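K.L.:
Turn these sequences into a full structure, and let the hints guide you.
Keeping their order, the protein sequence lines are chains A and B.
When we follow my numbering, the leftmost residue of the first sequence carries the number 1, and every step to the right adds one.
When we follow my numbering, the leftmost residue of the second sequence carries the number 1, and every step to the right adds one.
Errors might be hidden in some of the hints.
Taking CB as the label site, the calculated pair distances span [to be verified]: (1) A/LYS333 to B/LEU226: 46 to 52 angstroms; (2) A/LYS230 to B/PRO287: 41 to 47 angstroms; (3) B/LYS263 to A/SER147: 38 to 44 angstroms; (4) A/ARG198 to B/ARG101: 53 to 59 angstroms; (5) A/GLU59 to B/ARG101: 48 to 54 angstroms; (6) A/LYS230 to B/GLY261: 24 to 30 angstroms.
It is worth saying that the hints were derived from the structure and are not from the lab.
Quick caveat: nothing in here was measured; it's all calculated off a predicted structure.
Think of the CB as a built atom: it goes at the ideal place given N, C-alpha and C, for glycine as much as any other residue.
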Amino acid sequence: MQSTIQISTVTPVYNGSKYLPKLVEALDEVRTLLNTHTTDLALIESIFVIDDAIDNSAEVLAKLAEEYPWVKVITLSRNYGQHPATIAGILHSSGDWVATLDEDLQHKPKDIITLLKKAAEEQADIAYALSDEAVHKSVVRDFVAMSFKKLVSALVGNKHIKDFNSFRVMRGDVARATAAICRHETYLDVALGWFTRRIVVAEVNLYDDRNQSGEEESGYSVWGLIRHGKRMIMSSKLKVFRIGFLIGVIAFGISILLSLYALLSVMFNVDTVMNKGWASIIMVVIFFGGLSILLIAFVLESLSDIALNLNGKPTYFAVDRSNDKLALESIEKLQNNVDL
Amino acid sequence: MWIYNLNTETCKPATVLHFGSGLIGHAIWKYVTKLNPEVKQSKQIPYYWGNEEKRFNQIWESIFQSVEQQNTKELHIIWAAGKAGFSAKTEDTKEELIHFRKVLNTLDVFLKEKEIATHFYIMSSAGGIHEGIRMINNPDNVSLKRPYGELKYAQENSLREAKMLTSVSIFRISSVYSHSNVSGRLGLISVLIKNGISNKVSNIFGAERTLRDYVLDDDIAKCVYLNIIKVRRKGVHIEYLVDGKPSSLNEIRLMVEKAVGRKLYLQYSLQKSNATDITFAPEMQSPLFNPSPLYTNIKLLYQNLLKGNFSSHYG
Chain A
1 MQSTIQISTV TPVYNGSKYL PKLVEALDEV RTLLNTHTTD LALIESIFVI
51 DDAIDNSAEV LAKLAEEYPW VKVITLSRNY GQHPATIAGI LHSSGDWVAT
101 LDEDLQHKPK DIITLLKKAA EEQADIAYAL SDEAVHKSVV RDFVAMSFKK
151 LVSALVGNKH IKDFNSFRVM RGDVARATAA ICRHETYLDV ALGWFTRRIV
201 VAEVNLYDDR NQSGEEESGY SVWGLIRHGK RMIMSSKLKV FRIGFLIGVI
251 AFGISILLSL YALLSVMFNV DTVMNKGWAS IIMVVIFFGG LSILLIAFVL
301 ESLSDIALNL NGKPTYFAVD RSNDKLALES IEKLQNNVDL
Chain B
1 MWIYNLNTET CKPATVLHFG SGLIGHAIWK YVTKLNPEVK QSKQIPYYWG
51 NEEKRFNQIW ESIFQSVEQQ NTKELHIIWA AGKAGFSAKT EDTKEELIHF
101 RKVLNTLDVF LKEKEIATHF YIMSSAGGIH EGIRMINNPD NVSLKRPYGE
151 LKYAQENSLR EAKMLTSVSI FRISSVYSHS NVSGRLGLIS VLIKNGISNK
201 VSNIFGAERT LRDYVLDDDI AKCVYLNIIK VRRKGVHIEY LVDGKPSSLN
251 EIRLMVEKAV GRKLYLQYSL QKSNATDITF APEMQSPLFN PSPLYTNIKL
301 LYQNLLKGNF SSHYG
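P.N.:
Next comes the structure, spelled out in structure tokens:
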């Protein structure tokens with residue numbers, strides 16, 4: 001009998017051959033837990049997207065797929081990047097919920113249940129993992145990452161940017177609809193925000209064990225961070241357009257008021273200005289300056305709207321949250337029987 | 001229906017009885033004649049779909065006469081026939097099942113004491129047999145929710161009991177779309193493109209998020225042809241002609257809009273029975289089935305529709 005609520009996982013793969021067998025084992029444990037202790041929840045598939053991996057991940061996954069029939073492998077024709085690979089995986093999924101997690105065991109599959117519980121509790125559509133301690137135990141790295149996110153968040157006016165994490169659980173319909181409209185430069189999490197505002201975070205342990213064991217870290221450089229930020233900004237509407245618009249309106253308004261003041265001064269012979277012609281010049285400058293800023297802001301806003309429209313931002317999207325209560329009850333029952 | 005000869009790997013020539021000139025039947029015919037142009041000379045025989053005894057017997061006598069004239073050791077029967085659609089009522093499906101069983105009984109009588117290896121290929125419906133199930137990975141996980149599904153399953157069971165057949169290949173096919181306009185029946189994707197070009201509203205029975213598995217009729221035709229030419233085995237075999245990649249109506253809509261270059265006007269009819277997901281595990285896909293990419297086909301279909309290039313209907 002099919003479970004009512006089905007979960008798919010998606011993992012982009014680039015350099016994970018060392019970790020994939022353990023990851024699949026951990027996913028199998030979650031699968032067995034759900035099968036044994038619940039009737040309404042099941043992990044039906046784990047989709048691995050090989051993004052032109054630089055090691056022998058393909059061979060490792062081929063063997064794992066033979067051993068575990070619920071493991072599916074998609075091979076991309078070249079390296080497209082983490083987000084496009086995730087999008088490809090999501091578009092091949094059928095689950096009511098889709099969990100994305102990294103290949104390197106930084107994200108523990110059991111925490112999918114924690115994230116799903118949080119989403120179901122609050123009838124949210126996305127639950128991001130929030131680390132309960134510093135991920136890399138490197139003060140500088142963690143500080144830079146957090147500061148960068150805050151800066152971009154302020155620039156685009158999206159308060160969820162600081163929550164973005166590649167370990168997420170998303171409602172399947174929302175995930176697939178978002179994936180369907182994403183282009184090659186669209187930032188997946190920004191696009192997810194076009195479909196829902198019901199975004200929550202759940203604390204889980206994301207400590208990067210590899211630092212302790214002296215293993216390689218996954219590649220993240222300053223340049224990578226900047227590229228990341230650029231994609232986030234290009235997928236969003238810049239708050240500065242609104243600020244520019246406001247400045248333009250204010251300047252324009254001030255120029256009108258000053259013009260009136262100057263006109264009245266001349267009419268009633270009020271001698272407030274020492275240099276003749278100064279008032280006229282400053283009025284003209286503020287008037288046309290304000291008008292220019294206003295028009296530029298209009299144009300930029302319009303271009304931004306067109307870009308978002310081209311990027312696929314929807315007019316509306318409908319979801320079905322009727323099974324959230326059932327999901328929550330199933331998880332609570334599981335947690336009562338098993339120490340996760 | 002058509003009667004023609006084909007050279008298979010085990011018999012040159014083998015005789016083929018080809019029933020059905022709808023979407024899939026026509027696609028198979030197109031593919032066969034593309035690779036075997038001499039088959040185009042075969043006359044199409046008007047077939048009697050009713051159950052009136054005298055007429056039924058007459059048509060089958062003439063069919064068997066033609067088969068005997070070919071003097072073949074191998075007979076292949078393609079059953080891509082059927083009037084009942086997904087929303088058919090019980091009365092319609094009942095008549096169709098009666099007819100199908102009569103055909104099998106008649107074949108049984110004809111094939112008695114004849115040394116003709118007979119292989120039967122039936123186009124069944126994966127969606128009708130597994131309606132409402134996601135990630136189908138077991139052929140026995142059956143869910144019959146409408147008369148159409150019951151008809152298809154009953155036909156399959158009738159074939160399982162037909163001991164006179166050397167082999168039975170049951171092709172369970174998911175949602176079909178086509179480059180052709182056959183019998184005036186267009187699939188969902190063709191309707192969306194056609195209406196998109198002419199700025200008309202398309203009525204969709206399902207929800208935006210409904211997941212289905214889409215396969216092209218030409219890909220089905222190629223797989224069936226390869227099975228006829230190459231595959232020799234005994235007994236009953238189920239082949240799934242599915243893509244293995246689920247696509248939501250939303251995704252289809254976006255692909256069509258991208259190909260057509262304009263927004264589609266859609267009206268969704270949310271009858272719950274039509275809004276259920278039906279998806280398949282990729283490993284269910286038949287080894288000889290090689291589905292072509294959906295978006296490429298949508299673009300091709302759009303180009304064809306613009307040029308007014310519908311394949312001519314040979315029926």
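K.L.:
Of the hints stated earlier, which fail here?
P.N.:
none
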